Amino acid sequence: MKLEDFREKQIARAASDEELREALEREFQVIGRRLRRTDGLAKSSGRATFTDDISLPGMLHAKILRSPHPHARISGIDVSKALESEGVHAIVTGSDMPETYGILPWARDEYALCIDKVRYVGDGVAAVAAVDEESANEALDLIEVEYEVLPHFLDPEGALAHPEMPIHEPKKPDANGNISKHVRLEFGEVDKLLEDSEVIAEAEYYFEGTTHTAIEPHCAIGYFDTSGKLTVWSTTQVPHYLHRELARVLDLDVARVRVIQPPIGGAFGGKSEPFDLEFCVAKLAMITGRPVKILYTREEVFYAHRGRHPMLMRYRTGADKNGRIQAVDASTILDGGGYESFGLVTTYYSGQLITAPYTMESYRFDSTRVYTNKPCCGPKRGHGSVQPRFAIEVQLDRLAEALDIDPIELRRRNLLGSDTRTVNEFLVRSNGFLECLGAVEGASDWKEKYRQLPYGRGVGVAGSCYISGTNYPIYPNEMPQSAVQLQVDRSGRVAVFCGASEIGQGSDSMLAYIVSEELGVPLDYVRILAADTDFTPVDLGAYSSRITLMCGNACIDAAAKIKKQVKTAVADGWGCRPKQVALAGGWAFDVKDTDRKMPISEAFNLAEAKFGTLGATGSYNTPKDIHGEYRGGTIGSSPAYSFTAHVAEVEVDRDTGFVEVHKIWIAHDCGRALNPVLVEGQMEGSAYMGFAEAVMEQHIFKETGLHNAPSLLDYKIPSSLDTPELESLIVESVDPVGPYGAKEAGEGPLHPSIPAIANAIYDAVGVRMDRLPFMPPRVWKAIQERAEREKAGGLAPWKQEPGRTTLPAAGD
Amino acid sequence: MSDTIPQCARGALPPGRTASLDRPGELLIETIRLTVNGDRHELGVPSHYTLLEALRYVLRLTGPKQGCDKGDCGACTVLLDGVPTLSCILPVQEAIGREVTTIEGLAAPDAPHALQDAFDLTGGAQCGFCTSGILMSAAALLAANQSPTRQEIREALAGNLCRCTGYTKIYEAIELAAQALREERSPAELVGS
Chain D
1 MKLEDFREKQ
11 IARAASDEEL
21 REALEREFQV
31 IGRRLRRTDG
41 LAKSSGRATF
51 TDDISLPGML
61 HAKILRSPHP
71 HARISGIDVS
81 KALESEGVHA
91 IVTGSDMPET
101 YGILPWARDE
111 YALCIDKVRY
121 VGDGVAAVAA
131 VDEESANEAL
141 DLIEVEYEVL
151 PHFLDPEGAL
161 AHPEMPIHEP
171 KKPDANGNIS
181 KHVRLEFGEV
191 DKLLEDSEVI
201 AEAEYYFEGT
211 THTAIEPHCA
221 IGYFDTSGKL
231 TVWSTTQVPH
241 YLHRELARVL
251 DLDVARVRVI
261 QPPIGGAFGG
271 KSEPFDLEFC
281 VAKLAMITGR
291 PVKILYTREE
301 VFYAHRGRHP
311 MLMRYRTGAD
321 KNGRIQAVDA
331 STILDGGGYE
341 SFGLVTTYYS
351 GQLITAPYTM
361 ESYRFDSTRV
371 YTNKPCCGPK
381 RGHGSVQPRF
391 AIEVQLDRLA
401 EALDIDPIEL
411 RRRNLLGSDT
421 RTVNEFLVRS
431 NGFLECLGAV
441 EGASDWKEKY
451 RQLPYGRGVG
461 VAGSCYISGT
471 NYPIYPNEMP
481 QSAVQLQVDR
491 SGRVAVFCGA
501 SEIGQGSDSM
511 LAYIVSEELG
521 VPLDYVRILA
531 ADTDFTPVDL
541 GAYSSRITLM
551 CGNACIDAAA
561 KIKKQVKTAV
571 ADGWGCRPKQ
581 VALAGGWAFD
591 VKDTDRKMPI
601 SEAFNLAEAK
611 FGTLGATGSY
621 NTPKDIHGEY
631 RGGTIGSSPA
641 YSFTAHVAEV
651 EVDRDTGFVE
661 VHKIWIAHDC
671 GRALNPVLVE
681 GQMEGSAYMG
691 FAEAVMEQHI
701 FKETGLHNAP
711 SLLDYKIPSS
721 LDTPELESLI
731 VESVDPVGPY
741 GAKEAGEGPL
751 HPSIPAIANA
761 IYDAVGVRMD
771 RLPFMPPRVW
781 KAIQERAERE
791 KAGGLAPWKQ
801 EPGRTTLPAA
811 GD
Chain X
813 MSDTIPQCAR
823 GALPPGRTAS
833 LDRPGELLIE
843 TIRLTVNGDR
853 HELGVPSHYT
863 LLEALRYVLR
873 LTGPKQGCDK
883 GDCGACTVLL
893 DGVPTLSCIL
903 PVQEAIGREV
913 TTIEGLAAPD
923 APHALQDAFD
933 LTGGAQCGFC
943 TSGILMSAAA
953 LLAANQSPTR
963 QEIREALAGN
973 LCRCTGYTKI
983 YEAIELAAQA
993 LREERSPAEL
1003 VGS
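Sequence lines, in order, name chains D and X. Per our numbering, the very first residue in the first sequence carries number 1; after that it's consecutive. Per our numbering, the very first residue in the second sequence carries number 813; after that it's consecutive.
Hints were generated in silico from the structure; no laboratory data involved. Just so you know, these numbers come straight off a predicted model, no measurement behind them. Glycine included, each C-beta is placed from N, C-alpha and C at the ideal position. Be a bit skeptical, because a hint or two may be false.
As the list claims (entries may be wrong) - Derived DEER-like restraints, expressed as beta-carbon distance ranges:
# : chain 1 : residue 1 : chain 2 : residue 2 : range
1 : D       : Asn708    : X       : Ser998    : 43 to 51 Å
2 : X       : Leu840    : D       : Ala161    : 55 to 63 Å
3 : D       : Asp141    : X       : Arg997    : 57 to 65 Å
As the list claims (entries may be wrong) - Mimicking DSS-like on lysine-lysine, the simulated pairs with C-alpha atoms at most 30 Å apart in a straight line are:
# : chain 1 : residue 1 : chain 2 : residue 2
4 : D       : Lys702    : X       : Lys882
5 : D       : Lys663    : D       : Lys781
6 : D       : Lys579    : D       : Lys9
7 : D       : Lys716    : X       : Lys882
8 : D       : Lys181    : D       : Lys117
All chains, please: the whole structure from these sequences, using the hints.
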């Protein structure tokens, strides 16, 4: 084939002869390198177009009227005055969208706008589309809603005690309508093994709710074109599920609905189910024939919530004299807020996900999720398992203390190992937890610090594991969890179509790295079109840390098909076997003679001539033999588990109770780091977020049901001055299922931050902080209580050199 | 000629709506002159507009972001005569006669600013939503201090919340950009990429 002119430029950018020879020595060309993101410069130059940056001709703006009551019946809504207000084009109320929705198909309990009842302050009741936000806001004031106020419950105890005042109608006649889900599972003989244990740690833990606080508020735009097709742009991390729910609630043919997910300004689980604004912009667009946008205020974001459940957790953990865990008995109350959301899954996760990285002879959990009249809780980074992880890891610290075993050593004695099953029957393949422990132990100088730092300073350790994607989709089906479609241009450009949601974690980049690795094209030949339901094959979305493993495997699957065609076509021309042809560095070349080569675009052209237009689909579905057969045994199962260990070093001010976290060492087994820069970014961002929950964040409510602090000033998230030094230590266990061995990195590394800090506080000042967050008044009080016990002779002074006096008690 | 030219009232008050106390400035559309990224614009804005609203809604410069609308998060940060400023709480009139620089005006036309390139190389931007504000704070820091310490960087960014990175990669990016600017090399050269 004649060398076309454009190839000169491509050859100039392709790998040199020497680089090609080096390439032969390496296992991977792209994977594992510290590369740029595909969207990095677009973001750092301010050019990435987020949802609120989109403005369509003739666009209207809408606002949602929200309930001022935490629990009330709606006895009437009159919008007539509001409709006459200047600039108003349309108003919708609940009766305009009388179909329930919910992220879990068997628990659809929400209306786009409330019809009969409001269940928290902030529940939406009407939406106004007007020429601008001001006009829409003014019209909201003119809507007259008659409420019949009902008694409300802000804590699960109250709701549980009053089944006669249900927040939701009971699912069965004699059931308590305030219970959203109850799960009890037992593996092994818990009671007997507890009885036989050498030591038992028993404590009650309370995890305060926290919220995602992505810096980008939720935003959606609806557009209904003259052909009757609905398009919704949304800050969603689950475009596929949104696609389905929009069609259901608006009673449209799902094939005539399109969801587009622009770049997202952070999500962390807070955008992983449909919200009222998406239905409202769609319905208002259908009524007005004009594009309609809703941008939540920051206050609305706090009320939309779906964040971390508050959990009250009672734990009994027994160990033998060698520190081997014999029994774990957990009893948990989850404060669910006003609706179901992912509640069923959260309830299972609160128990199912703590059975690694340790062996345990027996395990029982009893979890009850309760409705309350507060914004609904849902999945936040580390869905359902960050709270019990706090409990179990502090329990282990208590056991280590009681048995006088170093807490890292205690964890080593309980290693689960690889290619094994957990006590609740999940199959665990690769497991780098031992290496994680070793990495943080070494990097933190643990052996020189634990119990040896001066009073007020301490170190703590904790471990965790997390799923690389949930094994089953949210709605039961046999289809692939993820799919990718590739299309190759004659120039060498490869387009990747995929439903996966880039939410900042780097999923677009991951796809590009894989295509570049497999097809040998330069990274900037790869174009990603993601998360547009009109063009991309389904991926279920950015939740449960599933994309790298599932979408990555789908992408390898698709690329392999094209790779085979290209190698075959080139080999035919050279008269060699296809496996003698390699694709790398912008070339197709002979592995036995790297001088024999052609630009990759030429190889693509040969393949196109031989096989027709180059394109392929690839998909991934999960293995089905990796969990137990009991009811609920699928929930928490995953093709691969990541493992993490943290050491935190803290300084506690005895006089103020202020906890300063100096540093967190984060070792994370991500299987293989496809790009270490992105993996470290996930590890650091996770550890930061856990740190924030440990010492700062409080998603709490006033008696009236109003949020205590619905602003970024009052709801404290860490600034650069608050955040500790973070050191990432990547551990690669090379998983047999993950793409190139990769597992998740986005959620696992959050978990140990909180218990590691709690355990470090204990090492520093000898007080157990079992209630989050570890704010100064709480820590100060605990220090005072300890001092009083020391004074009374009930306790030895903590970490004091001989001759030093005991601590002063309050008022001294 | 004054930079502020009161133009017109926006028509008669609708029935039932009294003065403008509940919507201060609503009645007035002003024509103002604004210099943004070196361009002089004449634009009509409701007089209650903030600088961020004028930039995003009128000039369509969407680099500065609205994260909280109350001056808490820093995503809207722009430079006003070189000083990092929260454009979401700055009345647009305050920007008249001053040089406004947004993220769109940070780089020369032919190449990204060293900070932008460094952020890309180190992974300083994940979701990218806080990034434009952070870059403006960082640019002001580097304009005043060629070799900031880690602590000086932390202090310069104290008004910009990032929820993705834990800040570590942002510090690395700013240190890399500072070195590149000092040595008049590109960040990519420095990391051997």
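- prompt: Is Lys579(D) close enough to Lys9(D), meaning Cα to Cα at most 30 Å?
  reply: At roughly 28 Å apart (the allowed maximum being 30 Å), Lys9(D) and Lys579(D) satisfy the hint.
Range agreement (Cβ of Ala161(D) with Cβ of Leu840(X), hint 55 to 63 Å): Hint holds: Cβ distance 57 Å, inside 55 to 63 Å.
query: Hey, Lys663(D) versus Lys781(D), does the alpha-carbon distance stay inside 30 Å?
result: Holds, at about 24 Å.
Given hint Lys882(X) paired with Lys716(D) - CA-CA distance at most 30 Å: Holds - the C-alpha atoms of Lys882(X) and Lys716(D) are around 15 Å apart, at most 30 Å.
query: Is the straight-line distance between the alpha-carbon of Lys702(D) and that of Lys882(X) 30 Å or less?
result: The given pair, whose Cα atoms are some 22 Å apart, holds under the 30 Å limit.
- prompt: Holds or violated: are the alpha carbons of Lys181(D) and Lys117(D) at most 30 Å from each other?
  reply: holds, 21 Å
query: For the pair Asp141(D) and Arg997(X), does the Cβ-Cβ distance stay inside 57 to 65 Å?
result: Holds - the Cβ-Cβ distance for Asp141(D) and Arg997(X), about 59 Å, lies within 57 to 65 Å.
query: Should the hint that Asn708(D) and Ser998(X) are 43 to 51 Å apart at their CB atoms be regarded as holding?
result: holds, 48 Å
Hint violations for this structure: none, all hints satisfied.
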